[in-house]
Amino acid sequence: MSLHVVVIGAGIVGASTAVQLRREGYEVTILEPGEPGREQAASYGNGAWISPASVVPMSMPGLWKKVPGYLLDSRGPLTIRLSSLPGLNT
-19 MSLHVVVIGA GIVGASTAVQ LRREGYEVTI LEPGEPGREQ AASYGNGAWI
31 SPASVVPMSM PGLWKKVPGY LLDSRGPLTI RLSSLPGLNT
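Using the numbering used here, the letters of the sequence shown correspond one by one to residues -19 to 70.
In case anyone wonders, no lab produced these hints; they're calculated from the structure.
Certain hints may be false.
[To be verified] Quick list of the computed label-pair ranges, beta carbon to beta carbon:
{"#": "1", "residue 1": "44", "residue 2": "-17", "range": "46 to 54 angstroms"}
{"#": "2", "residue 1": "-16", "residue 2": "42", "range": "50 to 58 angstroms"}
{"#": "3", "residue 1": "15", "residue 2": "52", "range": "43 to 51 angstroms"}
Remember, predicted model here, so these are calculated numbers, not experimental data.
Each residue gets a CB set at the ideal place from its N, CA and C atoms; glycine is no exception.
Can you build the whole structure from these sequences, using the hints too?
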């Protein structure tokens, strides 16, 4: 008896996931409220696109003056955790 997996969404991520799961032998059901790849999907119109401007909007006046504070803020948008960088852990 194979495991049954439910995939929510038939956009590029959901459909790709479903195909891979089927290749691995799983039974798959895809839940999609409309026609796959249409306007409601995150895949439509690059809805899931992440760009530098999405993380820190470059169009904000005075943004560059705030960058040092963002770097020093442990929960800021430009935080770099040294533990995430290979070879720098001491």
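*Broken hints, by number*: none
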